[in-house]
Structure formats: C-alpha cells, structure tokens
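Novice: Read off the chains here:
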Amino acid sequence: MSVILPYSYVNGVPLKPDEHNRNVYTDTPHEGVMSTANGKLHSTNFGSGFEVQSEHIHPEEVIRGRQGAGLETLDYFSDGIGEVGEAAFVNVAGCGVKVYIPYDVTLALWQWTFFFSDFRTLTVEDATDDSPDFASADIIVRASLNGSPLLHTMRSLPQTSTTGLDPDIVGTGGTAEKRSSMSWDMCHMQEGLSAGWHDLNLTLYMEQFLHQISGSLGDAFEVSGSQKRGGFSSRTASYYLFNRASFGVRSARVLTIL
Amino acid sequence: MPYIFPKRRLNDRDVLDPVELNEDILPAMELYAGEINEHNISETVRGVITQPASATHSYVYKEKMSDPGFGDFSSAWNHPSPGTASGSYVASHKVSNDMNWEVIDLMTFTKATGVSKLWIVGQVTYIWLGFSTFSSASTGHLFSEGDPSDPFNAPAHPAGVQFALRVNGHLIESTITGKRESWAKVTVPARAKDQRSSRRKYPGPDMPDVTETGTMGPHCASVRLGTFYDVLPGTHTIEIVVRRFPPLGQRGHLGTVTYAYGQQSNFVHVFNRKLFTLDVPSHPPNSSPDATISVGTFDSEDTISRESLGAEKIDRMAAAFRSVQTGSLSRGALNHFHLTSPVVAKKQSTISASVYSISNKYPGYNTSTVTTNTSGNGWYLLYNGTEYLNAVAPTVWDITTESIFLVMANVQVKSVRATGSAQKSGHVHDHFAALALGYNNSSTGAVTVLGQTEVYVNHYNSLEKDSSGFVRSLEEEYDVALFAVVKSSDLSAAPNYFGVYGATINGLKGSAGVTDTTLTYHRGNITVIQLKA
Numbered sequence: 001m002s003v004i005l006p007y008s009y010v011n012g013v014p015l016k017p018d019e020h021n022r023n024v025y026t027d028t029p030h031e032g033v034m035s036t037a038n039g040k041l042h043s044t045n046f047g048s049g050f051e052v053q054s055e056h057i058h059p060e061e062v063i064r065g066r067q068g069a070g071l072e073t074l075d076y077f078s079d080g081i082g083e084v085g086e087a088a089f090v091n092v093a094g095c096g097v098k099v100y101i102p103y104d105v106t107l108a109l110w111q112w113t114f115f116f117s118d119f120r121t122l123t124v125e126d127a128t129d130d131s132p133d134f135a136s137a138d139i140i141v142r143a144s145l146n147g148s149p150l151l152h153t154m155r156s157l158p159q160t161s162t163t164g165l166d167p168d169i170v171g172t173g174g175t176a177e178k179r180s181s182m183s184w185d186m187c188h189m190q191e192g193l194s195a196g197w198h199d200l201n202l203t204l205y206m207e208q209f210l211h212q213i214s215g216s217l218g219d220a221f222e223v224s225g226s227q228k229r230g231g232f233s234s235r236t237a238s239y240y241l242f243n244r245a246s247f248g249v250r251s252a253r254v255l256t257i258l
Numbered sequence: 001m002p003y004i005f006p007k008r009r010l011n012d013r014d015v016l017d018p019v020e021l022n023e024d025i026l027p028a029m030e031l032y033a034g035e036i037n038e039h040n041i042s043e044t045v046r047g048v049i050t051q052p053a054s055a056t057h058s059y060v061y062k063e064k065m066s067d068p069g070f071g072d073f074s075s076a077w078n079h080p081s082p083g084t085a086s087g088s089y090v091a092s093h094k095v096s097n098d099m100n101w102e103v104i105d106l107m108t109f110t111k112a113t114g115v116s117k118l119w120i121v122g123q124v125t126y127i128w129l130g131f132s133t134f135s136s137a138s139t140g141h142l143f144s145e146g147d148p149s150d151p152f153n154a155p156a157h158p159a160g161v162q163f164a165l166r167v168n169g170h171l172i173e174s175t176i177t178g179k180r181e182s183w184a185k186v187t188v189p190a191r192a193k194d195q196r197s198s199r200r201k202y203p204g205p206d207m208p209d210v211t212e213t214g215t216m217g218p219h220c221a222s223v224r225l226g227t228f229y230d231v232l233p234g235t236h237t238i239e240i241v242v243r244r245f246p247p248l249g250q251r252g253h254l255g256t257v258t259y260a261y262g263q264q265s266n267f268v269h270v271f272n273r274k275l276f277t278l279d280v281p282s283h284p285p286n287s288s289p290d291a292t293i294s295v296g297t298f299d300s301e302d303t304i305s306r307e308s309l310g311a312e313k314i315d316r317m318a319a320a321f322r323s324v325q326t327g328s329l330s331r332g333a334l335n336h337f338h339l340t341s342p343v344v345a346k347k348q349s350t351i352s353a354s355v356y357s358i359s360n361k362y363p364g365y366n367t368s369t370v371t372t373n374t375s376g377n378g379w380y381l382l383y384n385g386t387e388y389l390n391a392v393a394p395t396v397w398d399i400t401t402e403s404i405f406l407v408m409a410n411v412q413v414k415s416v417r418a419t420g421s422a423q424k425s426g427h428v429h430d431h432f433a434a435l436a437l438g439y440n441n442s443s444t445g446a447v448t449v450l451g452q453t454e455v456y457v458n459h460y461n462s463l464e465k466d467s468s469g470f471v472r473s474l475e476e477e478y479d480v481a482l483f484a485v486v487k488s489s490d491l492s493a494a495p496n497y498f499g500v501y502g503a504t505i506n507g508l509k510g511s512a513g514v515t516d517t518t519l520t521y522h523r524g525n526i527t528v529i530q531l532k533a
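Order-wise, the sequence lines are chains A and B.
Just so you know, the working numbering puts 152 at position 152 of the first sequence, and the rest follows in order with no gaps.
Just so you know, the working numbering puts 30 at position 30 of the second sequence, and the rest follows in order with no gaps.
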C-alpha cells in the first residue's frame, strides 16, 4: 500500500483539525505521512527505479567473516597427550575460530589451514624394502564443529620414520619428516545455521604406543642410539621413542552468508 | 530518529501557529531526505525490492593455466617440464632460489574498495623439477636427495618453498605455508634413558633433531591459501607470493644451471594458479544521489489554503513517500530481515566410508576424456564403492541467474605408488596422480574437466639411504585442496553436478621402464556455493 491521505484541503471551507491530523498521523495502516514512515514503508513506497545500494546495507547483515590464527610453532608429543578414545582429541591452539551469528544464515563456510611436520614411526620387521608392517601409533587431525567431529575431515598424519621390531637387529635410515612437512587447507560447509555462538577447532589425537615386545600400552619403543635410527648419532645411548606433531603457521576462518 | 510523531494534535478553536503547523510536516520531510533507517521500513520489502548482487559483494577472479607436459595415455609419458606460453596457456613461474618473497607471475590484481573486508582465496600447483631417468637418480628425482651426482649418500631435502598472500605489499603472516622460524630444528621425540652417554665426557643425553621442516616438503603439491583482510578506502593490490629456501648448511641449490646430464635444473615451478577476492563492503562510498523534497514552511501571516497546506506540503510529501528514492535511505538502513540471500544454491557432498584405489590413466592436460573404469583411460569421478565425490543439485544447478560457482574440494590421498607388487619397494618418486574439478552437462551428459583446476601429487614419502642402502616407501597421507570459480555465463547448459576427478600418471624410472601408478584415497568433500554475481 502507498500513502493514503484521507482528507483533501478545499479553499473556502473551514479547516477540519481532526481530518488534518489524520493526514499527518493515524493508526490506520498506510494513512498519514508520519505514520506511514513509522515502520510501514513497503515495496510499493519505493520508486520504480529503486535498487538497494551497498551503503544501504548494515555492515555484516548479509556476509560476515571471522578468523583466528596462531603463528608460534607448537610441538605435541604422544607421551604428553597420548590417550585412547574419543575424549583424547585435543584442540590445536591457534587453529580455531568462534563466531556469534545474530541471525539465521543460509550457510557458513568453515575453513582451516595448518602447516605441520610430524615424526611418526612405523614398526617394520626388518630392513628389507618390502618388510612387513607392524604397528604405527596413529596421529590424527580432525575438525570439530560446535563440539561434534566432522568425520570427512579426519586425516592421518604421515609416517616419517621406521623402527625395527627388534631394536637390537634393525638399523633404519633417517626421517622423512622434512619432505612430509606441508600445509593443508580444508573446508566444510554448514547449511542452515541458526543464530548464536558457533565454533570450529582443529583437533589432534595421538595414539599411545603399544610396545611390540612388552605388549604394554604406553611403553615407548626403546631404541639404541648406536643404531643410527631416526637421526640418532652413533654414540651409544638408549632412548624411549615417541611420536611428535609440530604445527607451524595456522588459521581458521568462517564466512557466513544470509 | 526511527519513529516520528506529531508533537501536538490540532484541535478545534486552536490558534494556527506556523511553528506547530511546520512540525506536522518537517519530521517526515527530514526523514525522506536521507534519514530513513531500518525502523522505518517494513520487513515485507524482503524479496520485493530490487537487490543487485553488487549491493552485497563484488569479486575479482584471475586464473592461469600452465601445462607441465606429463603427456597422456595415448602417446607417451613425460617427466614434468617448465610450462610454456601457448594460446590460453601461460608459462610456468620459475621460483627464484634466493629466499626473497616474489610475486607469482600474473597472480596479482587490484581492487578498488571503500572500507571493506576482503575474503581472499589463492591456489597454486607447484612442481619441483628434476624428475629423471638418469641412473644416478635412483629415486627418480635428481635433487631431492641432495647431491645429484651422488644421491645415495646425501640427506633428503624438502622442496623448500613457502607461499603466502600479500595485500598492498603487506605479507599476511597467517597465510604463510611454513613455520615462523623457518630454520628452526625440531627434536626427535625421544626421551633418554640415561643421564650420560657412555662415550661422552659431558653430562646430559645427546638428543637428535630434525632440520628443514619449516617449508613445503613434497616434490609437488596443491597449495590453497585463504584469509580475511580489512581494508580502508582505496585501490588495493592483492598477490600470491612465494620464496624458496636452500638446504640447511648450503649456500644455494645444487644443479641450478643446466644440469650436466641434460636433465631439468633445480628449480620449483608454479603451474596452474588462481586468485580470488570477494569484497564485502562494511562502509562503502555513497553512490546514491541526494533525495529531497521542497515543501517550504509556514511563516506568520501566511495564508492557509488548499495549495499552501495541501498541494505544496502534505500532498507533496505523500507523493514522495509513494516513490522513495535510493538517496532517501540512510547508511545501513537495511538489515538482514529486509534483504534476501545472495546464495542461489549450495551443496556439499562427502565421502568417508572406505579406502579406494584407482589406476586409470591421465588423458593429458586440459583434456576431458573420462572413464568409469578404475583402470581405464581418462578421468575417473572419485567413488568409494558407495559414494561419489560430486555435488548434485536437487534438479540441476540453475544458470539463468547471473552467478558464480565457488567450488572447493579436499581429498585425502593415502598414497601414490607403483601398482602391484612394487607397492612398498617401488619407491621411485616419479609416480604421479592428478586430481581436478569438473562438471556434468545436464543437456548432453558430457563431462568437462577443468584444466585450470588440475593438481598433482607424487610418491614423495619414503625413507632413503642409510649405510646399507635401505629404502622404504611410506604412505603419503596427503590432503589435496582444489578450488575453482566458474561463471554461469561460461556454461553452455546447467550442470547436473560438480565433481572431483582423478587419474594416474605412470612412472618412468630407469630400467624398470614405464610402470603403472595407483592412487589410493579415502575421505573427501566437495562444496559448491552458487553466489549471485
């Protein structure tokens, strides 16, 4: 409806105050120049050539973006956080974003990027090229949206070293960590997001070792430095070996669209 | 002021005061002249008033295609080589080996904005050249084992590249694909059992460490970058930059001149690349002409008449509110409840059920030959036995609305290996797989695989060399990121779906001759957002 003026002014006829008042303001929809403007401007009130301009749109009322980032390198060790089970996933600091969305949106595109290198050991039987595989304690990254895992984003970090089943027998080469260092950029689209707080975090799971000889969970492999494994020097020394995941520059972002 | 009311109502026998009469008129007039805000407008305008895409966003997109020359299944396989400019293809970008950030050729553009937030996405495909059948390159790559003349006795090295986004010369640190301390060593995760090594005179264990873990390691990779960046009014330059580090302890890279054996020099080249920026205005320049109405005011002794009160004031104002102009609205007058979504359609598909392997052959760069056979010739739409990695619209994707399709995908590549019994010992690095985005034409059923989205991954993960010559292949466990922007105007028919396609490229290592390659993948997703343009 457009603006209705119920009263016409006529020369020579006494002005009717109540009718004039209705031309200015009434409770009747679309009557009166003041009352129409009070939240009742409808599409028919707009000129035929009217187009929404970018300055008309309140900031972030259609598209909004948030991001968080971490720059300092973080090292996670399996003997520090290694556990078994769903509860063992921990957030990777700096690779998460939390956003308040004040209205329902059509979609949210979550993105997260992280650079990593890892030292993850694969146990092999012997030093031959096609030696049978044994255990390899897992290192898993997975995104968590509002506390729920996104299964399609689950990834294992690569194995980068080998350890002999019997530490007294097998001598293996160094580590492939430097060539398996890389940056991943991943995404997830969430449809029909409700107003409120939402967050996404990259989570990390580091499985504990199951010792190949003792069979005990949590015992690390015992290696001797004289075997020159994994970059160990030739000096005689004994170590417990674990896994490590190191994270470099990382960030998480969310783009929401009305 | 959001709501306006008469200060007093005119009553019988009132003296007509010009000030009070003017107050019946002026508030609405002032409102019309650029003060209409979110409280004045009914939410019923949503979807009725014209809302062009330019009101909510604008974009700049640039993509360049560069062919690494892998060959194809029907002729011959080749090791990758520098891309040359030909037709719509551009030359590959050769990354300088000097550790300085440099702009990747053609990956720069400008965007004029007001106060805005930019959503920037970049993607590049790089390959560290040097794949070779030369006998000393036992792993199929001349330089990744250090000294190309003696690859068995040198330590493995990473490709050594870092990428980042740069805006107006400001490197965005959070986009660097590396570690902040690029030269820092990391410790081998070991805990010493003894406080003193038996053959050392100093106390304390001797802890090993690992170097060169701060840059991209694989010989080739797809790198996708992204950020939000707030800008002030002006013209902004957006770029993708790259730098390359030499091996730790070396002044430079070996083999950077024409290699003595006629092979590729030690350089990283960037092939396919693309850069996208979505400009989301937060305080844009005002583009609306002023909206005013001339109603005048009453003075003492003025005559009240049909003309002076009706035609020249009340009627004129009513007419103005029947035809509100763009300049009548104040800055930020429209909120989400007044506006429609610029999203035309969207879809995400995921696969996660099981690990799957394919060995179908690559049909050549920017070639859309497809196959439904996992060992056939052509691209294969990724499938895991129960799920396809494609984004299917409810019917078809609508292209009648001028729009862009933002397509992103991720694929978990478990490994790229020699096929068959050589899975573990076939450790040469020149086994490749290619992944790309494509779409299916709803009119013809034909598939178009987008050459500009081709990315490559090779078998880079292996442990080489100790004193006994031990070599052990390990799974890549790589995540391939894909990205494309497709304009609806570039499509001849509506797509049925967008999908992720894969193919393999045979290895050429030495006496083993041409060897089939198997690509094994597991999880993945493809996301398509169709945005009005």
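Careful, some of the hints might be misleading.
[What the hints assert, rightly or not] The calculated EDC-like cross-link candidates involving lysine to aspartate or glutamate, where the alpha carbons are at most 20 angstroms apart (straight line), are: (1) B:Lys532 x A:Asp27; (2) A:Lys16 x B:Glu38; (3) B:Lys185 x A:Asp75; (4) B:Lys7 x A:Asp75; (5) A:Lys16 x B:Asp209; (6) A:Lys40 x B:Asp315; (7) B:Lys185 x B:Asp209; (8) A:Lys40 x B:Glu38; (9) A:Lys16 x B:Glu23; (10) A:Lys16 x B:Asp315; (11) A:Lys98 x A:Asp199; (12) B:Lys532 x A:Asp75.
[To be verified] A few chain A residues facing chain B, derived, Cβ under 8 angstroms: (13) Ser2; (14) Pro6; (15) Glu51; (16) Met182.
Don't read these hints as lab results, they were simulated from the structure.
Think of the CB as a built atom: it goes at the ideal place given N, C-alpha and C, for glycine as much as any other residue.
Novice: Hint by hint, note whether the structure agrees.
Specialist: Going through the hints against the structure:
Distance hint between Lys532 of chain B and Asp27 of chain A is unfulfilled; the C-alpha atoms sit about 40 angstroms from each other, more than 20 angstroms. Restraint check: the Cα-Cα separation between Lys16 of chain A and Glu38 of chain B comes to about 34 angstroms, which exceeds 20 angstroms; the hinted pair is violated. About 12 angstroms separates the Cα atoms of Lys185 of chain B and Asp75 of chain A, which keeps this hinted pair within 20 angstroms; it holds. Taking the CA atoms of Lys7 of chain B and Asp75 of chain A, the gap is near 69 angstroms; set against the 20 angstroms cutoff, the hint is violated.
The suggested pairing of Lys16 of chain A with Asp209 of chain B is violated, with an alpha-carbon distance near 95 angstroms, which exceeds 20 angstroms. For the suggested pair Lys40 of chain A and Asp315 of chain B, the alpha carbons sit about 18 angstroms apart, so the restraint of at most 20 angstroms is met. Restraint check for Lys185 of chain B and Asp209 of chain B: satisfied, since their Cα atoms lie roughly 6 angstroms apart, inside the 20 angstroms limit. Annotation: proposed proximity of Lys40 of chain A to Glu38 of chain B holds, straight-line Cα distance about 11 angstroms (limit 20 angstroms).
With a C-alpha separation of about 18 angstroms, the suggested pairing of Lys16 of chain A with Glu23 of chain B holds against the 20 angstroms cut-off. For the suggested pair Lys16 of chain A and Asp315 of chain B, the alpha carbons sit about 16 angstroms apart, so the restraint of at most 20 angstroms is met. For the proposed pair Lys98 of chain A and Asp199 of chain A, the alpha carbon gap of about 4 angstroms is at most 20 angstroms, so the pair holds. Proximity of Lys532 of chain B to Asp75 of chain A is assessed by CA-CA distance (about 43 angstroms); at most 20 angstroms being required, the pair is judged violated.
About 4 angstroms separates the beta-carbon of Ser2 of chain A from the nearest beta-carbon of chain B, less than 8 angstroms, and the hint is met. The closest approach between the C-beta of Pro6 of chain A and any C-beta of chain B is roughly 11 angstroms, which is over the 8 angstroms cut-off, so the hint fails. Interface restraint check for Glu51 of chain A: the shortest CB-CB distance to chain B comes to about 5 angstroms, inside 8 angstroms, so the restraint holds. At a threshold of 8 angstroms, the smallest CB-CB gap from Met182 of chain A to chain B is about 6 angstroms, leaving the interface hint in force.
When the structure is compared with the earlier hints, violations turn up for hints 1, 2, 4, 5, 12, 14 and for no others.
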